[in-house]
Structure formats: structure tokens, C-alpha cells
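Can you build the whole structure from these sequences, using the hints too?
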Amino acid sequence: MSMTGDPIHPPILEVAGLTMRFGGILALNDVSFEVRHGSISALIGPNGAGKTTVFNCLTGFYKATEGQIALHAPRAAIDLIQILGQPFQVSDLVNPATFASRLYYKMFGGTHRVARAGIARTFQNVRLFKEMTAIENLLVAQHLQLNRNLVAGLLQTAAYRQSERDALERAYAWLKVFELAEDANRLAGELPYGHQRRLEIARAMCTGPRLLCLDEPAAGLNPRETEQLSELIRQLRDEHGVTILLIEHDMGLVMRLSEHIVVLDYGEVIADGDPHTVAHHPAVLAAYLGTDAVNDDES
Amino acid sequence: MPPIAAAVSTTGVRWNLVFRQAVLEATAAFALALLLLGPIVGLVLDGYQVRNELQRPLLIAAIIAAGRFLVTLAMHTPTGQTALERFNARRRQPGVLVVSASESDRQRWWLLAIVVVSLTLPLLASKYWLTVLIQAMIYVLLGLGLNIVVGLAGLLDLGYVAFYAVGAYGLALGAQYLDLGFWSALPLAAMLAALFGGVLGFPVLRMHGDYLAIVTLGFGEIIRLVLNNWLEFTGGPNGVSAPAPQLFGLEFTRTAKDGGVPFHEYFQISYDPLHRFIFIYLVLFLIVCLMVVVVTRLRNMPVGRAWEALREDEIACRALGINHVLVKLSAFMMGATVGGIAGVFFATYQGFINPTSFNFFESALIVAIVVLGGLGSTTGVIVAALVLTILPELLRAFADYRVFAFGVLMVLMMIWRPRGLIRPRRRAFEVKGLCR
Amino acid sequence: MDLPSFPRGLLAMVLAGGLSLSGLASAAETIKIGVAGPMTGGNAAFGEQFWNGASQAAAAINAAGGINGKQIELVKGDDACEPKQAVAVANRLLDQDKVAAVIGHFCSSSTIPASEVYADAGVLVITPGSTNPKVTERGLPTVFRMCGRDDQQGPMAADFIVKKLKAKKIAVVHDKDTYGQGIADAMRARLKELKADKKEVLYEGLTRGEKDFNPLVTKIKGTGADEVYFGGLYNEAGPLLRQMRDQGVKATFVSGDGSLDPAIVAAAGGPKFIEGSYMTSVREARNIPAAKKVVAKFKAAGIDPAGYTLYAYASLQSIADAMKATKSTDGKKLADWLKSHTVTTVLGPKNWDAKGDLKESGFSIYVWDANGNYKEIAL
Amino acid sequence: MDWHILAQQLVNGLTLGSIYGLIAIGYTMVYGIIGMINFAHGDVYMLSAYVTAISLATLFSFGLDSLPFALLVTLVMTMVITAAYGWTIERIAYRPLRGSTRLAPLISAIGVSLVLQNGVQLSQGARTQGVPSLIPTTLRFGEGDDFVQITLVQVMIIVVSLSSMAALTWLIQRTSLGRQCRATQQDRRMAAILGINTDRIISSVFIIGAAMAAIAGVLVTLNYGSFDFYIGFVTGIKAFTAAVLGGIGSLPGAMLGGLILGLAEALFSGMVNTDYKDVFAFSLLVLVLIFRPTGLLGKPEVEKV
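Residue numbers (the numbering used here), protein chains in the order written: chain E, 1 to 299; chain U, 300 to 735; chain C, 736 to 1114; chain H, 1115 to 1419.
Some hints could be false.
[Claimed, not checked] Derived lysine-lysine pairs resembling DSS-like cross-links, with alpha carbons at most 25 Å apart:
no., chain 1, residue 1, chain 2, residue 2
1, C, Lys899, C, Lys1007
2, C, Lys833, C, Lys811
3, C, Lys903, C, Lys934
4, E, Lys176, H, Lys1413
5, C, Lys1034, C, Lys1074
6, H, Lys1413, E, Lys63
[As the list claims (entries may be wrong)] Pair by pair, the computed Cβ-Cβ distance ranges are:
no., chain 1, residue 1, chain 2, residue 2, range
7, H, Arg1314, C, Ala1031, 25 to 35 Å
8, U, Thr595, H, Leu1285, 50 to 60 Å
9, U, Ala327, H, Asp1301, 30 to 40 Å
10, E, Gln228, H, Asp1301, 27 to 37 Å
11, H, Pro1407, E, Ser32, 25 to 35 Å
12, U, Ser569, C, Thr765, 22 to 32 Å
In case anyone wonders, no lab produced these hints; they're calculated from the structure.
The beta carbon of each residue, even a glycine, is placed where N, CA and C say it ideally should be.
Structure follows, in C-alpha cells:
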């Protein structure tokens, strides 16, 4: 691929030959793309093209049938397929080391490992902890960074209280970034829809991710809210150094915001490049033809 | 809304229509009641013959019809309407209440009052009421434990009684084989129950909601059956005796059994079994208080928040890097520990246990306590445990109709407050200088 | 925390209930006697029998002038055969109702913890139905029983099976409950003494409350047993017998007093299934001459004096006699009197040993005929 | 094991399993449509046993002497009355709780179960009841000591349950009511938007479940001849286990789960030990769920993210 050699923006995520089958249905077929470090990238395509399936594979909710996904951490690349836990192979019988590693990941691996590796996500239909307050939602997201020692917590030791105070301050800081400070003590389920969307992104940021995957962040928002959101997303990248990959139907937002677009159709990558290239790619125009989506949104 | 709502104009009620509606509904209720009760209540099996008692269902059906008639009429009076509206409005309230820190501080005085009352109760209550209170306290403990699993972590456990049994048998068998006393068995039995929770929980906690329910039900039954069948070790249906608790080596028995000195002899007072019950009550009360503190703290700790988050949305939790299996397991084990402690108290209070005390109905009763209390509410669980254990005792006045009435009340309470008696509360957070 | 309305109301109820009940038991014009047993739940049939027996006895005694001029008042105590309820109800009978003596508890698992409570308070208790040895083996001075012990009738059945029936292969089935497994084990112990334990081809438990025992019956069939000994109650014995006959198993059926109940005919689905079965029991109450008149009275009242009915009757008679003789309601005195005197009851003369067990068990063996009746057989 | 013993155990397992299957239908359909465990269902089955006996006794007391006619009338009566119970219970105890927490109807169901058990005990007395052996015919295959003997009623149980199952499958797959049921099961809100009266569908599911339990009740009463107010509990738990084993929400699953559970119990009792047959049954359930988390015929759950 063309961008592999870019020394200033090395890839943070490499997807190669990703294939996903549900029973007899081929949902993804040999999908390969890269996301560069520090970029805002978008994954677009008509309904049913497999965008969310790609997301679910990336974030560990689906186990890909075939293919490789690598996340480049500062020191090493993390194999996202391995940490989900793979089925045992016959060859494991002669190689105790791989057997042990597979067994370990089978018992303790799973989706949460992907999040710990540094990928955070939001969901198409907002998934907040509805009967908990906004601030508690953010505290839960910091679970791994906190003092989780049961004894310390029950005895309320100084170290434990400090850790909780820090978490609370971090949570408030994020609430302020997302202009949600007023809602801190309200139940997440009772917030207005737009606030819920923002709270979900704030919660994802609280995990301290390297790569943030947003699944249709603007769905259901009015134009003003969408505008605010795109500012916010840019701010996250610029000020907090997180790489962003998003799925979006609002072409205006995608074109304005993203630097790199991957277009999917029927589970295959049909175009990959900067917004201008993609917008004029014949395959993309064909895929969207009749819906006028590209033209409408660009005008 | 019944179709009659159309007949209610803004200015008043057209009573002739309401009346007709009421008559129709009463007739339907009468016919249905007769169909349902006619054979079961009216024709009593006597060997291979039936005895005609049809006057009974006729009477009951007439009462039901009359009741239905009056209710329909009452629902159309202004008072009835407002009552109905208030009833419906309350059902629509959000499930959780957020209270500020200052408000929760005010509650401390209430807490203090309750503690003082609870501590003086054993001096006032008769032995009978004291035993009822001890039982209620045991169920409070069980409710608090299961509330962690069902109320906080959202895992429906229908076999909770298994851990209760492990605790109870831990004391009884520990005393029989290892010569353990009450105080050494208490932590050991709790740990044993936690171990059971871990071993049983690990393979099955990946299952979803109701599958987990039936598997835990299965575990509960398996444990009971093994206790019943393993005659050589557990005594099977014959049960085992459990030792009474000791106070620094003093025994609460008429004569010393385990090589100690009886309490009454040491203090040169006459023997009264009340002493034992007061002692068990006080120890139990302290444990319950401790448990309330532990549960309250747990809820505000990372693990407690993770439990509740898991109940709200497991998928979101996984996306945040929380290992859902381990978090569930911690809730399961914590619940099991509390169940084990309750079991130890049950065994020492009864003095003798056998597997019949640990059947499915017990599990169902504990789940009912948690649900009726308001899933996740500590206060609610305590209130519900008291209600569900004291109510059957109060209903003894109804003699044979006791359990029947208990069932009816259970249904009515759920209809009255489907989300439980007490709404769970959440504490609001305040950080200086950052907000407001 | 603001106290919600519901608990406040409840608290009021509790207090009101406690006060009113404690205020009641002052004047003692009557002698209160508790009747405790499973009045609800799966064993409610037996609680009903206790209550019927005791109330008929109380009516008879009261009609004859009561105990030393005082009338007997019975108090019902429901334990549903749950041990936790048994302890609560025992305390209630003592504390709230101030009973002078107790007839009761049916399930041994209830009787054992409850009798500790009675003994602690020094109150006399007679159980009409708990046959587990443990009930009287714990050295509690005021605990008696009106029935035999599991380790008395089991051996008798073993003797009968080995010596009279000349069994070649014996299948032993029990219901995994205190009583049923108790008599089955006692039977097996005697088999060993008779050096007949090699003849035992099967020893298994079925689950109480179930109705389908076909797999077990097939297994019995596979062993080729010619005798089946069942330790359990008629509720399970009936279906078990029927399924044996339905599958063509001809083995003779022998069981204990828990199965010797006219209701087994209905439970099995007809007398033809039970015909030729043997059951051990205390001398059948209804056939004892002394009982004839009482039985007639029961029949007149529309009650079938089945199962433990007459045992409860006899228990109350014994309590009343002891109270009359000692002019006291003190448990210790009553117990001493009962252990040193013979009481004439509806079940015939009874006396007790130092543990509180009946001295002569008085077990005999009954056989069922084709009409659904049973009669004692001569040994 | 001899062939005749094995064959006999298979028949035992099949009859027991058919009964479990019939009762499991009530659990599985209710669960499928409103996601609740209807703990009172076992007691509805218990009621049907009482109605059977009462109906038979009443008919005979009127001097009816045609057995097939009496059985037919009894079957219809029992199904009608039991179904009315199913409908009423849903109406009174479950419908007001719809839309509240998932566990509220569960507790209500436990209350209903207590009411039914104790209501029957209060009105009919606590003792075990029975019906006379009406169809005493037994069929014997084999010679001498090596024979298999089964009752005609056992054959009836297997035939009737399989045909009721087939009829129900036809009802669900081919009729308008069935289509509406399936639609409501898939997505209740969407079904309501499309004009399906979901309340009525839920009621009819309770009616169907109760009617199936009634068939089981009639058959069991004829075969075992003995019942009491407590039988609903033991059988209910087993039937529910069968429903989960087969994959809760799936009709063929309920029948398959019932048969497997029945066979497992019979064969385990026969070959190993009766004491531990329930332990084996529950362990089987746990094992199946560990390896097939949605039961044998349940659709594998694709996580909706």
C-alpha cells in the first residue's frame, strides 16, 4: 500500500486480509487497510457494507474468521487476534509454549484485552450505564487505573482515597472538556440524547486510549450539535494525541473532518485514500449511485 | 384504560354507562371465578368419589363479583380516579434516586436510632420474638449477600441456598470432624463458601442471564442432593448437630458439652436459654452492621462500580477493558461468602441441621427479598427481609390460610411496587473548585 | 433516612401483636396443649391427622370433666416440616401460648431441634410420629414418643423376610428421608446379623414427591429380586407398587408403618396392586378393642382415623393422665410419672423406658387382601 | 445389561420424557415471548391432575359407563379449565408487571405458585389422591423371564404427546395465530406497531402452555393414578430444566430436551444409581450449557453490539 513508507506518520493499526463469515454469509472479504498514527480516518460505505462488522472485529467483539489485526504500541505490535483467545491447533500438542499461551488467552483473554491494548470505542446505539450518574460512568471507565485492592478500599486507606480523588478529578476534567459538568450527578439514562452521545465519547477517552473508534457519532444529532461534535473530535486529536477512526453516514462531516477514508461495499474495500481521491473514485460513485448521497452532501 | 374511559366526559361521569359496565364486568368475573373454582373448590375428592361442596365456589364467586362491581364503580368516582392516577404515576418514576452528600449525612441520626433500638430489643422481646428476630437477621444477611449478586452485578442466582448450606455444614461438620468451635468455623466456613462460589462460578459465568439462573438452580439442587445422599460424611437426611457459640470459652448450654464452662455457672445465675439467643442475636447484629458498612463501601469502590456497570451493560464494560468474567466472579464469591456466614449462624442457632433446610424454596425466598427490597437498595433488602420473615409469623393467626395469604401478599406487593419497596439511592459526588 | 411508610406500619403491627399476645396468657382456667406438625406444605396430611386425633381426644376428655376440673385448650403450631419453622413455632408455643405440654412434630428433622427447645424449658413433649432413634437418644428428660423406633420395626421386617418368606434375593428401597432410610438401614443391619446380607441385591433411594419410579422398578426387575423392602411413606409406596405390577414384577412387597395407611389404595390406583403386600406396624390402632368406640366416634364426626390420628389421640390421653395424677404441669414431674406408670390409651396400655421410648414396641405384621383391607397375621 | 431391561428402560425414559416435554412447552413458549420464568406453571399442571380426577369421578357418579367418552370429556374439560387458569394467572399476576424489572414477574410467579398449592390443599385436603386404574391393559413382549411389559397408557403417553407436539408445531408454523406468536416473540414492539394485539398473543401463549400441561396432567393421572398438591414443584423444575436443555424458546427443543432428560434419568438410574439421578440430570444440563450456551436447539446467540 502507498502509505506504508511514511516515516513521520507510522501506522498505528494494520488490518490485513480480514475475513468474517456468519454461517454461510460472507460479511467481510479480505479487508486490508491501515490507520496512521495521529490521523482522523473514516470508514464509510452504503448500509450493510460491513463497517460495523469491521469495528466489531477491531474491538474484539467478533472473532475474525481469517486475517490479521495488529495494533502498534510504543514498544511492540499487539496481535489483536491472539489476545481474544484462539481455538487449539493440532500443532499445539508438540509445542507446549504456544499451547500454554493459547490456554492462557482462552481463559483470561477476550474483548477487554483489546480495550486494555489501547482501543476504545463508542456504539451506534449509545450504551451508557443508564442507572448510574454521568460521573460514575467515567469512574467505571478508569477501573484499570485505580487502586482496586479490596482491603485498601474497605479500610479506606490514604492511598486508596488519593486514587479515588484523582479519578474523580480526571472524570470532572473530561466532563468539562465535553461540556457536561452540569450533568455530573444526573443519571446517564435521563440526559438528553446529544449529551448521552458526548458522555459516551468522554467515557471512552477516560480509558486513555491510543485509538478511538467512533461508530456513527453524529447519528441523531442536529446540525448545530454535529458541528460542535466535529470540533470536539478534532480537539481530541490535536490536544489529547489520540488517533481517531470513525464510521459515519453524514458525508459532510466525514469530508470535513477526516484525512483518510476507507470505503467498503459488500464487505470489500473498494477505495482507500484522501477525501478528494475517494470522492471521485469511480467505484465509490457506483456504489453510492442512485442515492445521490455523495453529491448532496458535497454541495 | 378500560373502554369506559370514553364515557367519562370532562364535566362529569355518565353513571348509567358506568353502571352497565360494572354489571358486565362483575358478571364476567362471576362466570370466570365459577369456572376456575367450581371443580377445584366445589367438588372435593373423597376416595374415588366427589363430595358436593358447590356452595363454596358460589359464595367465593359472588364475593369476587361484588368486589369487581364495587371496584369498577369506585374507579369512576373522582377519588378513585386520582388514586388510580397516583398509583400509575408512581410506577412511572425513575428507578434510582440521586441524593446529595449532605442529605446522606442527615441519615446518620436515623441509623443511630435504629442501632440503639435494635440493641435494646433483645432485652424487651420474648424468647419467641427473639428467635423470629434472629431468623429475620439471618435473612437480612442472606439478602445483603444475594443483593451483591443479583441487585448489584445483575446475575440471577437461583441456587444461592447452596452457599448457605456450605456455611451451615461447614460449622456442623467442622465441629464433628475437626473439632472446630463456632469462632474458628466462622471464617473458615466463609472462605469455604467463597471457594465453592469460585469453583462453581468460573465455568458458568460466561453464560447469559437466564441460563445462569437455571444453572445456579441446578447447583443448588446438586449440593442439597449430595448432602442428602452422602450418608457416611454428612449424615444424610438424619442431619448433624451444630455447636452453640461460645463467649471466651463459656458455653450457652445447660450443661457443658464441649469441655467448657457453662455461661450461667460462671456468672452464678440460673440457666435460661434466652441467654444463648441474646448472645447469638447480638453477634449476628454486629455482623449485619459490619456487612452493611462493607456493602456500602463496596458500592463506592472500583469493584462495586464495575458490578453495577456490568449489570447495566456488559458489552460497554468489555469495551472499557473490564474483564467481565473476573468481575462477575468477584461478585459471586463475595455473595457466597456472606451466604456462608449466614449459614454458620443458622446452624448454631438451630443446633441441628439437615438438608431439608436448604431446598429451592429458600433460594426463591431470598431472591424475593432482594427483588421486593428494590434491586440494589441496601435499606430495601433489610426492610424486605424483615417483612418476609416476620409476615409469616404474624400470619400464624390465619392458621391454615397462612401460606396461602403469604402467596397472595407476595403477588400484591409486586403489583403495588414492581420495582421494590425502596428505590435504590446513589450518592452525588462533589469536587471542590471543579464544579459549581 | 426517612422511614418509609411500610416498615412503620409493620413495626406497629409487630408491637401490637407482641403486646396483645403477651397480655393474653394470664388467667389459667384452661390447660393449653400445643399440637405441632406440618399443617401446610408437602406433609400437611400428617399434620391434619395429628390435629384430628388431638382434638377428638380433647373433646372426649373435656366432656368427662377435663383435667382436675380444667378444660383442655389445643393450640395449633405449623412447622411445615421445615426445621427453621419448627424452632420458631416451638418457642412460640412456649412463650406466646404458654402451653403446658406439646404433642408433636412429625418430621424427625423438625422434632430434633424443636425438642431441644422444649427440653430447655422443661416442658413435656410427646411425638406421635417421629421414629428416628436420635429423637430420644440425646438424653433429654422430657422427650417421649408414642410410636416405635426405626430400629425396632426394621429388624422385625428382616426376620419376617428371611425366616417366613424365605427370600432369595432382596431389593431394599428407601425414600432418602430420616424415617424411610432409617427403617431400611435398621432392616439391613438385621439382615447382616442373620447372615443374609448376601441376599441383598439392591439398595437405592427414590426421591420423595416424585411419582415416576419406572426406571427403579426396571432395575429391580433386572436383579430378579423376589422381595422388595421399602422404607418410606404410602405416598411413594402406592405408585411404586403399581409400577412394579405394571411392569410385571411379581416380587413380594414389604414395608413399614409409614405405608400402612388406607390411603395407599388410592395412591396405588386400586386394591389389586397392593394385594399380598406385607407391612409392619404398631398394633393396628383401629383393631385394638379399646379403640373401637373411639373409632366409631371419629367416623361419626366424618373423620377417617387414619395413620397417626390415634397416636395423637393416645398422646393427649397420656399427657392428661399424667397431669391428673401429679396435679401438676411441670415437665419434669410429668416425665417422671410417665416413666414409672402404665397409661391406658386408645392404643392399649403403654409404658416408657428411661429414654422416653415405648417399652414394648408392639409391632406386628399385616397383609393386604384383594378388597383393599388389611389384617394382622399370626407369626 | 440384558436387552429386555434396556428396552424397558428406554420405554420408561420415553414416557417420562414425553411428559417433561409437554410441560416444558409451557415454560419455553412463555419464556420465548416475554422472557420470564413462569414458576407457577408446574402448579398449573398439578391443578390439571386434580381436574382430571374430579371430572372422572363426577362423570362416573352420573352413571356414565362409556370409558372412551368419559376420557374425551375429561380431556376437554381439563384443557378448558386449566387453560382458564393459565389465562387468569397471566391477567392478574403478570400483566400488571409488564414493563417493570425482569425479576418482578418471577417473584409474582412464586407467589402464585404458593397460592395454587395451598389453595388446592385447603379445598381438597392434603392427602394423596388417586384415580382407579381405568385402562389396565398391559402389553408384553418376550418369553419367560426375559420380557418387556408396558402399559397401554404408556403407549398413549408417547403417541398423544408426539401428536400434540405435531399439532402445536402446525399451529405455530401454519396458522395466522402462530405467525403472530412468532412475530411477537421476535420483536414485541415491532409486532405491536404492525397491528398485532400482543396482549392477546401473550394470553394465548399462556393458554396454549396450560392446555399442553393439561394433556400431561390427564396422561400422568391415568398412568400413575396418584397425585397430590405438591407434584407441580418436582415435575415443574425438571420440565423447566428440559426446556433449557433443549434451548429455551424453541418448541422442538422443549420436546427434545424432555426426551433427553427422561432417557438420561432412566438410563442413569438403571445403570448407575437412582440416588444420584437428579445430580446427573442437573450436571448434564450444566455441561450442555457450558459447551452449547443456548441449549441444544436454541439459536446460537450472535451478540448484538
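To see whether the hints hold, each was checked on the structure:
1. C/Lys899 - C/Lys1007: Since the Cα atoms of C/Lys899 and C/Lys1007 sit roughly 23 Å apart, the hinted pair holds (cutoff 25 Å).
2. C/Lys833 - C/Lys811: Within the cut-off at roughly 13 Å; holds.
3. C/Lys903 - C/Lys934: holds, 6 Å
4. E/Lys176 - H/Lys1413: violated, 45 Å
5. C/Lys1034 - C/Lys1074: Violated: C/Lys1034 and C/Lys1074 sit about 33 Å apart, past 25 Å.
6. H/Lys1413 - E/Lys63: holds, 18 Å
7. H/Arg1314 - C/Ala1031: 25 to 35 Å: Given range 25 to 35 Å: violated, Cβ gap about 58 Å.
8. U/Thr595 - H/Leu1285: 50 to 60 Å: holds, 53 Å
9. U/Ala327 - H/Asp1301: 30 to 40 Å: holds, 32 Å
10. E/Gln228 - H/Asp1301: 27 to 37 Å: For H/Asp1301 against E/Gln228, whose Cβ atoms are near 34 Å apart, the range 27 to 37 Å holds.
11. H/Pro1407 - E/Ser32: 25 to 35 Å: holds, 33 Å
12. U/Ser569 - C/Thr765: 22 to 32 Å: Given a distance of about 28 Å, which is inside 22 to 32 Å, the answer is holds.
In summary, the numbered hints that this structure violates are 4, 5, 7.
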